[in-house]
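Visitor: Model the full assembly from the supplied sequences, consistent with the hints where possible.
Residue-level listing of the chains:
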Amino acid sequence: MEFKNLKLSKKTTFVIWVIIIAFIIAAPSILPVFRLNLLGRYLSLAIVALGVDLIWGFTGLLSLGQGIFFALGGYCAAMYLQITSSSEFPNNIPEFFGLYGVDNLPFFWEPFRSPIFSLFAIWVIPALVAGILGFLVFRNRIKGVYFSILTQAALLVFFNFFNGQQKLINGTNGLKTDVTQLFGQMVGSESIQRMFFWITALLVIAAWFFSKWVVKGRFGNILIGIRDDEPRVRFTGYNPVLFKTIIFSIAGGLAGISGALYTVQSGIVSPQFMTVPFSIEMVIWVAVGGRGTLLGAILGAVLINYAKSLVSEALPASWMFIQGGLFILVVTALPEGVLGWLQGEGPRNLLQKLGLKRKIETYPSLEIKNETEGLKNE
Amino acid sequence: MLLDSLFNGVAIGSVLLVAALGLAIVFGLMGVINLAHGELMMLGAYTTYVTQLIFKLPLLKPYYNAYVIVSIFFAFIVSGVVGILLEKTVIRKLYGSPLETLLATWGVSLILQQFVRSVPLAYGTGLVISLIIGLFLPSVFSSKVKESINFKYVKFSSWIFAALAGVLSGNLISSSVSKLSRASARNVDVTAPAWMRGQVEILGTNFPKTRLMIIIITLISVIAITLFLNQSAWGMRIRAVTQNREMSDCLGISTEKVDVLTFGIGSGLAGVAGVAVSLLGSVGPNVGGNYIVGCFMVVVLGGVGNLLGTIFASFGIGIMTDLIGAGRLLSIWPDMPLPLSNTINFFATTSMARVMIFALIVIFLQFKPTGLFPQKGRMVES
Numbered sequence: 001m002e003f004k005n006l007k008l009s010k011k012t013t014f015v016i017w018v019i020i021i022a023f024i025i026a027a028p029s030i031l032p033v034f035r036l037n038l039l040g041r042y043l044s045l046a047i048v049a050l051g052v053d054l055i056w057g058f059t060g061l062l063s064l065g066q067g068i069f070f071a072l073g074g075y076c077a078a079m080y081l082q083i084t085s086s087s088e089f090p091n092n093i094p095e096f097f098g099l100y101g102v103d104n105l106p107f108f109w110e111p112f113r114s115p116i117f118s119l120f121a122i123w124v125i126p127a128l129v130a131g132i133l134g135f136l137v138f139r140n141r142i143k144g145v146y147f148s149i150l151t152q153a154a155l156l157v158f159f160n161f162f163n164g165q166q167k168l169i170n171g172t173n174g175l176k177t178d179v180t181q182l183f184g185q186m187v188g189s190e191s192i193q194r195m196f197f198w199i200t201a202l203l204v205i206a207a208w209f210f211s212k213w214v215v216k217g218r219f220g221n222i223l224i225g226i227r228d229d230e231p232r233v234r235f236t237g238y239n240p241v242l243f244k245t246i247i248f249s250i251a252g253g254l255a256g257i258s259g260a261l262y263t264v265q266s267g268i269v270s271p272q273f274m275t276v277p278f279s280i281e282m283v284i285w286v287a288v289g290g291r292g293t294l295l296g297a298i299l300g301a302v303l304i305n306y307a308k309s310l311v312s313e314a315l316p317a318s319w320m321f322i323q324g325g326l327f328i329l330v331v332t333a334l335p336e337g338v339l340g341w342l343q344g345e346g347p348r349n350l351l352q353k354l355g356l357k358r359k360i361e362t363y364p365s366l367e368i369k370n371e372t373e374g375l376k377n378e
Numbered sequence: 001m002l003l004d005s006l007f008n009g010v011a012i013g014s015v016l017l018v019a020a021l022g023l024a025i026v027f028g029l030m031g032v033i034n035l036a037h038g039e040l041m042m043l044g045a046y047t048t049y050v051t052q053l054i055f056k057l058p059l060l061k062p063y064y065n066a067y068v069i070v071s072i073f074f075a076f077i078v079s080g081v082v083g084i085l086l087e088k089t090v091i092r093k094l095y096g097s098p099l100e101t102l103l104a105t106w107g108v109s110l111i112l113q114q115f116v117r118s119v120p121l122a123y124g125t126g127l128v129i130s131l132i133i134g135l136f137l138p139s140v141f142s143s144k145v146k147e148s149i150n151f152k153y154v155k156f157s158s159w160i161f162a163a164l165a166g167v168l169s170g171n172l173i174s175s176s177v178s179k180l181s182r183a184s185a186r187n188v189d190v191t192a193p194a195w196m197r198g199q200v201e202i203l204g205t206n207f208p209k210t211r212l213m214i215i216i217i218t219l220i221s222v223i224a225i226t227l228f229l230n231q232s233a234w235g236m237r238i239r240a241v242t243q244n245r246e247m248s249d250c251l252g253i254s255t256e257k258v259d260v261l262t263f264g265i266g267s268g269l270a271g272v273a274g275v276a277v278s279l280l281g282s283v284g285p286n287v288g289g290n291y292i293v294g295c296f297m298v299v300v301l302g303g304v305g306n307l308l309g310t311i312f313a314s315f316g317i318g319i320m321t322d323l324i325g326a327g328r329l330l331s332i333w334p335d336m337p338l339p340l341s342n343t344i345n346f347f348a349t350t351s352m353a354r355v356m357i358f359a360l361i362v363i364f365l366q367f368k369p370t371g372l373f374p375q376k377g378r379m380v381e382s
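Going down the list, the sequences are from chains A and B.
For the first sequence, our numbering assigns the number 378 to the last residue and increments by one with no breaks.
For the second sequence, our numbering assigns the number 382 to the last residue and increments by one with no breaks.
Hints should not be assumed to be uniformly reliable.
The following residues of chain B were derived to be distant from chain A, with all beta-carbon distances above 12 Å [as the list claims (entries may be wrong)]: (1) Q113; (2) Y123; (3) I129; (4) W333.
For lysine-lysine, the following BS3-like pairs were computed, each having C-alpha atoms within a straight-line distance of at most 30 Å [as the list claims (entries may be wrong)]: (5) B/K368 to A/K143; (6) B/K209 to B/K56; (7) A/K143 to B/K93; (8) B/K88 to B/K152; (9) A/K143 to B/K88; (10) A/K143 to B/K257; (11) B/K144 to B/K209; (12) B/K61 to B/K209; (13) B/K93 to B/K257; (14) B/K179 to B/K61; (15) B/K93 to A/K308; (16) A/K216 to A/K10; (17) B/K152 to B/K257; (18) A/K167 to A/K216; (19) B/K179 to B/K56.
None of these hints come from the bench; they were simulated from the model.
Beta carbons: idealized from backbone N, C-alpha and C, even for Gly.
Guide: Shown next as structure tokens:
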């Protein structure tokens, strides 16, 4: 599909950011604790959505497997928290190992004793996995739908692996974080959760600036070139494999950060983070918000998830219908998302349909006419 | 022992094959992956269940043993019609943007899943009956009627007739079969008729009859689809459009009709796969999801535009799944070195076998990125 490159005007971006920041600052004092925690979780999902926007909106790679990297980040955070608060359990290892009769810590848990290693692992490990997986796929020029279903298969494979390994990472039960300790306090306690809310809010803004920086300039232009006509980029002398691998691993790293923040705020990481529906939902957040806009990804992630929790509380059965309808509607009727619609002709067309006169820009064709006449005279 | 393993592998592979066949044909023709394919299988499985309950009614009781055969045809028609509707309403609009189609069909799959959960099966059946009548009644009229200006009234009235028939049959089924009159998200079970239960002995090994039946269903589907593609006029058109859409269009083939037909057949095959799946385990709204990723692997491994690739890929994956998942290499070669046997034991569960097979496929794609039997061409974009 021909896809215009959307550029939100500075004014729109500024206004939306002012609203977002005002809301974030006001939220802790106006929202009850439960809702604030939900908002914090959804804000952390906005970071993975930014990554999806980078690879799908800008580079044209539809990954249905971002859940892999999201869960990896979550597991890294949870492993650190579990192992640092395991001193009272037998053998100095997390409690669940006792259930399966494991006495020795599996070797890959060992480095997670160090907080610095864990802080890096949260984004480096997902980025590395994404980079390797991406490189193996991209170097064979596998793309489009093939790429999408391969990522989905990879997702299921990771799900199977994590689900089946009780003795390594507690399998299908997942790792709990809310009863672990951090800075001498329970992670599930209100003060720590409030701190995570602020960290999430700051990281969303940082991730937005980072993404903005990534797509700016020549690097961003090449990404858009790959999306619109990859062979042409290759014939011009660029190596698309390199750029695709880099952007895919950046998106993986963002997903890892997002997964870690989501885990500490929801209190558990489990293979459920790697189910197929969750990863496809990430794409629809971006699609509804407006792909290729970055801001749309943030808005889409937060608003759709909020709507989901409100609708599911009121009418549990209807959310699937609404979500299914949303998928169909957004690709057939609103391919540029809500922000794209706002930025484009949408509102004006709506006003016209409601019977209001449409503002016409003054004689846009006049200048061009003169030019052609001038050429003729020559 | 070896025969046993081979049979198991072929049995797994034949379920994969009949499920992936429709997906592969549609992908080859339109470049579209239908994420609702698993849900079309689910519809086929539920059709088997409904057919089974209807055949338990006193009127049809004498023919109960034949219900599996009948349900194969029903499942083909039900899934085929839903597929045609899907093509006409959604997929046609997204032609040329496969990624958007992927998302839209995912939306359809969510709706179908929730539909099965929250609508009583009797009324679901009624809805499908009215769809079948509404879509096909107008086409039985002679071409003279079709070309007249009043044909739209004929169409309109046939839809009204279809709606009436749907409501009536839905009520009839729900009043006569109480199990179908309530919506339920619980899994249901299809019981095979007596002649399909038990085992049959070939060459000193026992084979379950249901598995043999699935292999036979697959064999018949593959032969039928091969004959259709290679011998009939429409099959030739489908092959032509698969090879070169623009050229076929220029030569007067209605690509629109070819698309609808192929999508209908592909969806119908999903329904047939659903019958096979219903014989293996219980049927629930999520039953399709267990098979769909296997189908993707078959499509990726087999390549596009050649049925042979699909056949080889599904049997290859089936046999490998059994070899790795059941740890059979160990029994064939009992005294292998310790580290190797430990690795094999680590992967000797069904879910870990999937992990291994995915890794093997990714390695395979490093050498043959376009699958086993790639289409030859000179295009930059394939």
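Visitor: B/K88 and B/K152: Cα distance at most 30 Å?
Guide: 18 Å, holds
Visitor: Quickly compare the C-alpha distance for A/K143 and B/K257 to 30 Å and report which way the hint goes.
Guide: Cα-Cα ~28 Å, so holds.
Visitor: Just to be careful, I want the Cα atoms of B/K144 and B/K209 compared with a cutoff of 30 Å; is the pair within it?
Guide: Measuring from Cα to Cα gives roughly 51 Å; hence the hint is violated.
Visitor: If you draw a straight line from the CA of B/K61 to the CA of B/K209, is it 30 Å or shorter?
Guide: 22 Å, holds
Visitor: Would the hint linking B/K93 and B/K257 be met if the CA-CA limit is 30 Å?
Guide: 14 Å, holds
Visitor: Does B/K56 sit within 30 Å of B/K209, going by the straight-line distance between their CA atoms?
Guide: 22 Å, holds
Visitor: With a cut-off of 30 Å on the C-alpha distance, tell me whether B/K179 and B/K61 pass.
Guide: Distance of about 17 Å is within 30 Å: holds.
Visitor: Per the stated criterion, does the least C-beta distance between B/I129 and chain A lie above 12 Å, as a non-interface residue requires?
Guide: 22 Å, holds
Visitor: Tell me if the straight-line CA distance from A/K167 to A/K216 falls inside 30 Å.
Guide: Between A/K167 and A/K216 the Cα gap is close to 46 Å, so the pair fails against 30 Å, i.e. violated.
Visitor: Taking only the CA atoms, is the gap from A/K143 to B/K88 under or equal to 30 Å?
Guide: 27 Å, holds
Visitor: Measure nothing beyond the straight line between the CA atoms of B/K152 and B/K257; if it is 30 Å or shorter, mark the hint as holding.
Guide: It holds: about 20 Å lies between the C-alpha atoms, which stays within 30 Å.
Visitor: Is A/K216 within 30 Å of A/K10, Cα to Cα?
Guide: Satisfied, since the Cα-Cα distance of roughly 15 Å is no more than 30 Å.
In this structure, the hints that do not hold are numbers 1, 11, 18, in rising order.
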